[in-house]
Each structure stands twice: as C-alpha cells, then as structure tokens.
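Novice: Residues per chain, in single letters:
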Amino acid sequence: MGLFQKLVSFLGVGKKDVNVLVVGLNNSGKSTVVNNFKADDDKVTDIVPTVGFSVERFQKQNLGFTAFDMSGHGRYRDLWEYYYKDCQGIIFVIDSSDRLRLVVVKEELDLLLQHPDICQKKIPILFFANKMDCREALSSVKIAAALGLDKIMDKPWHISASNALTGEGLQEGVEWLTQQIRELLSVKV
Amino acid sequence: MSGFKRDHKEEEDGGGNPFQNIEKTTVLQEARIFNETSVNPRKCTPILTKLLYMLNQGEQLSAKEATDVFFAMTKLFQSKDVILRRLVYLGIKELSSIADDVIIVTSSLTKDMTGKEDLYRAAAIRALCSITDATMLQAIERYMKQAIVDRNPAVSSAALVSSLHMAKLAPEVVKRWVNEAQEAVNSENIMVQYHALGLLYHIRKSDRLAVSKLVTRSIQTLMYTNVSLQKSSYAVCMLIRIAAKLIEEEGADRKSSKSQSPYFQYIESCFRHKSEMVVYEAAYAVVNLNNSTSQEVAQAISVLQLLSASPKPALRFAAVRTLNQVAISHPAAVTACNLDLENLITDSNRSIATLAITTLLKTGAESSVDRLMKQIATFVSEISDEFKVVVVQAIRALALKFPRKHTVLMNFLSAMLRDDGGLEYKASIADTIITIIEDNPEAKETGLAHLCEFIEDCEHVSLAVRILHLLGKEGPKTKQPSRYIRFIYNRVILECPSIRAAAVSAMAQFGASCPDLLENIQVLLARCQMDSDDEVRDRATYYSSILNRQDKALYNNYVLNTLQVSMPALEKSLSEYINLNTAQPFDIKSVPVVAVSKSENDVKQKPEGMLISSGPTKISPSRDENFADKLNSLPDAQSLGPHFKSSEIVELTESETEYVVKCIKHCYAQHLVLQFDCLNTLNDQLLENVRVQLDVSEGFEIINEIPCPKLPYNETGTTYVIVKFPDGDILNSVGTFGAVLKFIVKDCDPATGLPDIDEGYDDEYMLEELEITLADQIQKVNKANWGAAWEEAESTFHEIEDTYSLSSMNTLEEAVVNIIKYLGLQPAERSDKVPKGKSTHTLLLAGIFRGGVDILVRAKLALADGVTMQLTVRSTDQSIAELITSAIG
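Taken in sequence, the protein lines are chains A and R. Numbered per this note's numbering, the first sequence spans residues 1 to 189. Numbered per this note's numbering, the second sequence spans residues 190 to 1078.
Chain A extracted, bound-state conformation (with noise of 0.2 Å):
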C-alpha cells in the first residue's frame, strides 16, 4: 500500500468495500431496512417475503455496503452461517411489537453469537428495534434488557428503536456502524 492510499486511508476519505449481514427473525422488516439505505433510484415500491437471501448494495459516508439480505424464515434461519465467515458487520433487526416470540429473537440471538466464525471476531453488531411506531412496542431499553445485551462484552453493539418506514432512527445506527468498521478496518491497516 502506497504512502498516499495510506494517507487517504488514515484520513477516512478513501472508499471501501464492506460485506454486511442483515439477519432477524421473519417479517422483523430487514428488507424494508435494507431499502431505506438504497439511493432513491433503486428502491422498490412493494417488499414481499425474501426467501432464500438477496443482495443489496449502498453507499453510506464514502464506505460501500454489500448486504445480504438474509430470509427470516425459520426453515431458512440455519443457512445464515454460510454467510457468517466473511461479513464485517451485522445489523440485526427485531420486531419490537412482537413481544411473544421475543425468546425465539434470544435464541437465535445467542446461536448467531456462539457460532465459531462469529464468536472469534469483534464484530459490530447493530441492533434495531424496529416498528417503534407499533402502540405495543417496547422501548430499546427494555429489548436490550430482555435480549441481555449487557452480557456480550467481546463485540461492539448498539441498539437504537427505528422505523424503517419513515427511516426514523436507521441513520444514526447506521452511521454508528460506519464509525465502528471505518475504527476495525485501520485497526487491520
């Protein structure tokens, strides 16, 4: 690497491309999430059910996204580690109306955390607790305390109540996202 790129690099104006994985259970809105983050040309107008996964792309504080888009369906839920290996980033989105499968969030939670490709890494995690709008949400506050979030010491993480149909609350976690790759990646440099 030239003393130049390093110099861009250091100064956190030289672009980068970061694969990012978007996983939940289903109907949490991650595709409706990853929309919102796309430039206005490429948005869709109707989401329909993922299955499978899609890939998205988008730009966000001169850093490339590539997000994989991940089906939240439970048949589907165990082919996310195929995608684990080589993200930089997780955004992981919860439906915080839906109190009842609040668990099912947990345990999935916790595989994704124990799983070998993830656990070695100090991966950023970002949470949304989405559809804030929803009369029966809970607040972040007490997700994160129903998620023990407090008790993943080895990773950065961040939760922030959103809604991703209005895009309230998605762009300061995703700026905080930016901050924490933009910090591992000169790490790494």
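Honestly, the hints are just simulated from the structure, not real lab data. Do not rely on the hints blindly, as some may be mistaken.
[Stated by the list, open to error] Over 12 Å on every C-beta distance to chain A, these chain R residues come out as not near it, computed from the model: (1) 238; (2) 319; (3) 375; (4) 405; (5) 460; (6) 529; (7) 554; (8) 579; (9) 586; (10) 767; (11) 904; (12) 957; (13) 1011.
[As the list claims (entries may be wrong)] A few chain R residues that face chain A, going by a derived Cβ cut-off under 10 Å, partial list only: (14) 225; (15) 267; (16) 270; (17) 297.
Ideal Cβ positions, reconstructed from N, Cα and C, are used throughout, including at glycine.
Given chain A, put chain R in place with the hints provided.
Specialist: Leaving out everything else, chain R in the frame of chain A:
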C-alpha cells in the same frame, strides 16, 4: 463438426484443452475465492468455467462439497458482471440436484427475472425452475405468470418451458396458468407460440374435450379465413400430432370413417402448407394412423414421393424412412413409388440408399429378389450397424413372404454373420435365421449349420448362449444329431464359463433325446465334471446323474422341460422359506406357476406421437404377481394357500351404465376369490357398504364377503367374495353364478360430494351372470418337449378319449383358436398354427389344473362339414380328465 475437428487439431499441435488436467480438489479449493469480500470477476469467471466443465465431464460431487461450492457461488450475486452472473445461473442449474438448501437463491433469482437487465431474465427463470420444489412454487407463481406473457420472446419462452418442467412437480399449480399460456399462443414469435401450445396441451392433456377444442379453434380459423392461426411451423407440427392422437382416440370409440373427421381434414389440408417440415409431419401422421384404409394413405404417400425427390438429403431420408415403415402395412400404395425408390438406390447417402432398397425388398416381387440382394451386397459393408439391422429385418420379412428363396437369403445372412458388427446387429441376424428355421422346415438344417459355424467365432456371450440353447432344442430332432455335438463340445473347450454351462445343458438334451448318443454324451459330461467353474461342474454332475438313471420320466421333467414357476415368485418363496427356518423341505408346488406370457413383444408399442417424451419404461412384475400382493393383504387370503391364477377382466355391466362392475377371478387350490371393481358414475350419489350378492351353483360355498365401505362419485372401489370349490367333486366345479350388486344409497350434493342426509336407503342393481369356466382353473404351461411328456404319461396318467363334432366351426383355424380359449391350455410344439391347405390337424395342449395336477390334451381335428374332433385327455387325476371331456360338447 468442423469446429470439433479444428479443436482436435489444436490439441495435437500442443495448444491443448486448457481444462484437460483439472482436478476436483483443486477446483474446489480455487472456488474459495468466491468468498472474498469484493468479488473479482476476472478471477472468478475462469474458475466457475472450470467447475462447470468438470461437472459436465461427469465428475461427481458429494452433497457436502456441492453445498459448500454452491453457497460460495451465491456470493457472486453481488457482482454486476454479466458474464459472471450468467455462469452463476448455469452453476445453479448444475448443482441444484446435488446441493442442499438450493432454495436460498430464490429471492435473488426472482429479483433478476423481474429486473431491468434483459440478459439476465430468461436465464434466471430457467435457473429458478431448477431449484424450485412443489411447496415453493406458490411463492413464485405471480412472477411466472407475468413472465409467460412478457413482451420479450426469450423471457416468455423460458417461462413456458420452465412451466412445462414444473408441471411434473406440481401439475395443480401450473394448471392455473392456463390463461397466460392461452395468451402466449397468440404471440407473434414462432418459438413462443410453439412452447405455449406445448404447455397448453400438457395442461389439458387429460381432458379430451379441452384438447379437441384447442385443435378445433385453429382448424376453424384456417377453414374460414384461410389464414393459419399458427405462424410457427413448429406449432403446426405439434397440432398435427395432437390431431392425430385425437383421431386415434375417436377411432377407438366409434367406427366412423376417418376421412369424415375434421381433424383428418385438417391434417390433409396441411399437405399444402408452405413449410416442408409441416408437409412431412402431416404425411407421417396420416400413414401412422391405426388401420387407415389405402385410400386415406394414398395422398400421404404421394406427398412422401414428392419429398423423396427433394434436393435436401434430410427430407429424402425422412420420406424414404417413412415409406419403409409403411411398406409392410400398405405395400400396394408404396409400390407406386417404386420408380422413385429405384433412383434412390444410387443415392450418394448410404443411409437413404439402404432404406430405399429395403423398401423395395418389402414391396417387390419374388423375381426381383436376386437382383436386389446383389445390389445390397455391394454396399452393405459401407453402412452403419443401425442400417444393417434394417436390412436384416427386410430380409426376414422377405423370407416369410417367399419361403422358396430361403437358400439365397440364408447364404446372404451367413455372409453378414461373418462380418464385423455389434451385438444388436448380430442378434437381429441370429433372430432372423431362427425365425426362418422355425417357419420353414426345409431351411432348418442349413440354418442350424450356419449358426453352428457362427458360434465357432462369436464374441457375444448372450448370443452364443441363446444359440446353444436352440441347438439343444432343435438339434436332437434333425436327421443327424451327432453332427452338432462336435460344435457344442468345442465350446466347452474354448469358451468362458457361462457359454460352457450352456453347452453342457445343450449336450444333456441330446443325451436325453437320442438314446444311441447317450454313451458318448456321458463321456463328454464326465470330462466336464473336471471343469474349473462351479456352475459348469454342477450342471455336468446333475445331468450325468440323471442320464445315468435311464428313466424317461426323469428326463422329461428335469432335462427336456424346464422349470415352469415364475421367477420373482420363486425368489420370494425361497427367501421366506429361509427366514422360516423349519425342518420341512421346500415345496416347489407352493410357488405359483408362471403364466405363459402372450408374446408381448409382438404388440408394437407406438410412441405417443412424440408429444411427451416418456422416461425409460420400468420392468414391472407380471400382472399376476401384482394381484398376489394385493390379495395377500386380504384378511382371509393367507389361509387359502398360494395364489394359482387370475383370470382376465370380465365386465358384468355395460360400460356406460350407472354403476360399472368388472370382475377378476382369482383361483386358489380349493377356493376362488372374486374381485369386483365397482365404479360409481352418478355424481349425486354416495354409495356405502357396497357388496355383491352371489347366487352360487350347487356344491359351491360362500366363505366370506368383504364389502367396500364407501364408494364416492367417479372412484373405483373393490369388494371381494371368497367362494370354496365343491369338496372332492371336481366335475361340478364349473358353473354360473347369478350376481346382484347391493348397497346403501345416500343422495349427495354433486359439487361437494357430501351426503345431504345421514340416513341412506338400501338399493340393488342386477348384474350379468358370472361364469366360472374351466379356463379359470387351468394355468397354461409351456411344454418344450410335449411328445416326450405325452409318451411318459401313457403309463402313469389316466386317459379319457371322446369324439365330438363341432358343427359351428367352419375352418380348422377357427376351431383351434376356440379350443385353446375354451380350455385355457397352452399349445405346444407350435401346433396352434394350422398349415394351409390341410384338412386334418393335431393340436397339442398342456396345462396345470388348480392344486397342481398336470393335464395333457391331444385334439385330432378333421375338416368335413364342420369340424370333427377326437379329444384325448391325459391327467394324473381321473376326475379332472372327465371334467375336461365333459366340458366340451
């Protein structure tokens, strides 16, 4: 082809195939590059190509390997590179059957197929169809419907063809796309039109009315506006095939003239189509219709004649091949083309020439045979095996037609036998010689001599074994049996174990049939007992000890006539016996005797007009064994002993009544199980507790009835009645039963099939009388050496003789057919074929009565004012012999 040659040359130059030395492990290792964060299309493309090449070379991946590489490949979806993406589609298709969880790419593919990039769309649809299973089909249904009516022809075609594939998985779902397919039929694009028609036909194929509508619509537009609805010649060809199939089905129903049918007129109108392909297809369809008259065929043949003069070799070939096929069924019509065919003999394309000459052979007169044979001889070495088989078949037809020419033909065949050729070719020659031998006693000695010579130098084991078997059967009956023994024993010295074993069996046949050779045979068999192979030694020891006994009965049962039981049943019984672990010896009588199959090969299987390709046909167990499995599930069937025989289906009602009842009679040693298959054709009735009440004749006893609990509309239910034959009174074991169908009717709503009320009422329905005939109780048995068995039976069996006059018969053939049908016995030694012009004939029959009693029957027939018959029955049981003599008359 030229490209292939060039490749070949480059290879020799040393440039070589870049993929020649790839290894599975290396490629899989390299494929890990797909997992990198940013995809480099330049690196990934060659690796993916290698992977595809490897898969196409037949390299097998394990499920784990395939899944790993598949998921690595899914990451390539992030690249925008067009070539890479299209390679990914191919990879998905290749791996879809091996890898697990291929469903993961569904969303990515649906995104591509609805996306803006046209290059992706068609390929994405095809890939999607390969990963989708029946449960997932619902999810993509919307996209498929859209794609079928897409403006882009490639997308539309891809969607239609994929739908056709998916119809195998989920016919119900694909059926719902019929409107879209209908729209696509009207497309401008010729391929879309063809594919849409294909799908439409497939969806509606089971519904004859809908299919006929489909065809009629295009026919009518053609008739009134004189503009074909279908611009695509492919679609027209498809329509012709469908129409031909409709004509066949119609013809099966009613006996109206074909030329009245609108479909037939449509096909005929296609003779004037501007595309040669359509014209040929129409002519092909007409000549292949079942039992069409020569008048109907004439026009088609003149069309073929025109095509056979075409400058295009493909058309000439197709036309001549079709003419060749028709030559058997309509020789007179094809004779008109003889002049054109003569011209084609000198065609530079050898395949066309072969077909032309064999067609001429089939239609030609006896006088021209010599000339044509000479002409064939000039180029027979230049043509491929496949066409040599065609020539051989023509010669076979010729030999049957002109028996006097057998010397010319036989010489020609033996010359062909000496040439190089594959198994199929050699087998067809051997078959032809065998047919000639069987048909023409004069040719027997020469034919056998040729075959003997052939096995001296035969590389095909199966063929040699067959010929040895034939020699064993036919050789002893010739004037000089000893001649053949040298040939057979040579095999024992020179060949592989299976041929040696066959040769030993053949020699034993000579030993058993020719007493004066017995001593020599014993010497040879003694030598064979030193053989290195177990089977050969076993057979030699077995035969030599039997021949040592000098006992005619033993010869007949264990040398001349082979085992008659059905092989799958024997295997099953033996494995059961081994599991039982009893001290009792195995009883071969408990194994059902095999029914002599009605030469199934003769039934020419006509392909279904190539509309739907059928997979390879599975070898199903025989009909009887199917029944046996079903019957064993009946509660009482186990106690009845082994299943003996099942009769043909007897219809007890007219085929278009309210209830359709068919009966199959399953015979056991002492019992009869009557299986009634009932069909309810009233859509407003639900039948319950359906049973058949029998009025049995004296002596019979009804043991049990198993009713059918429920019989909804348009379903077939089965009820059984178990009847015991009269005890010890075999003479009364034929009879006629009155039958009444009894059931409880519940009226129901035709739409839902649910009964309106819970209470039903009793009703009954008269059936036709059910006859228990002699043939139901007799299994046909093929006695290879009937004469020997007959002589042996003279001393041990009971014999009854009687004379009848069969006044209703006018010819010997008719009498023979009727006797065989009535008695249900198997004709032996080809005595069912009456030579022409004779006024007397002897019919030899053999069979087994239920309970395992052997029956031999000799019927001497004489023609004079009706047919007079002297019937001699020999059986181990006196009363069965009486039964048979009393049954006729």
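Novice: Against this structure, judge whether each hint is valid.
Specialist: Going down the list of hints, with the structure as the test:
1. 238: At about 22 Å from chain A, residue 238 of chain R clears the 12 Å cut-off, so the statement holds.
2. 319: holds, 14 Å
3. 375: holds, 30 Å
4. 405: holds, 41 Å
5. 460: holds, 51 Å
6. 529: Per Cβ check, residue 529 of chain R is outside 12 Å of chain A; nearest 61 Å; holds.
7. 554: holds, 71 Å
8. 579: holds, 53 Å
9. 586: holds, 60 Å
10. 767: holds, 45 Å
11. 904: About 35 Å separates residue 904 of chain R from the closest Cβ of chain A, which puts it past 12 Å; holds.
12. 957: holds, 56 Å
13. 1011: holds, 64 Å
14. 225: holds, 7 Å
15. 267: holds, 5 Å
16. 270: With Cβ-Cβ at 13 Å, over 10 Å, it is violated.
17. 297: This hint holds: residue 297 of chain R lies near chain A, its Cβ roughly 5 Å from the closest one there, short of 10 Å.
When the structure is compared with the earlier hints, a violation turns up for hint 16 alone.
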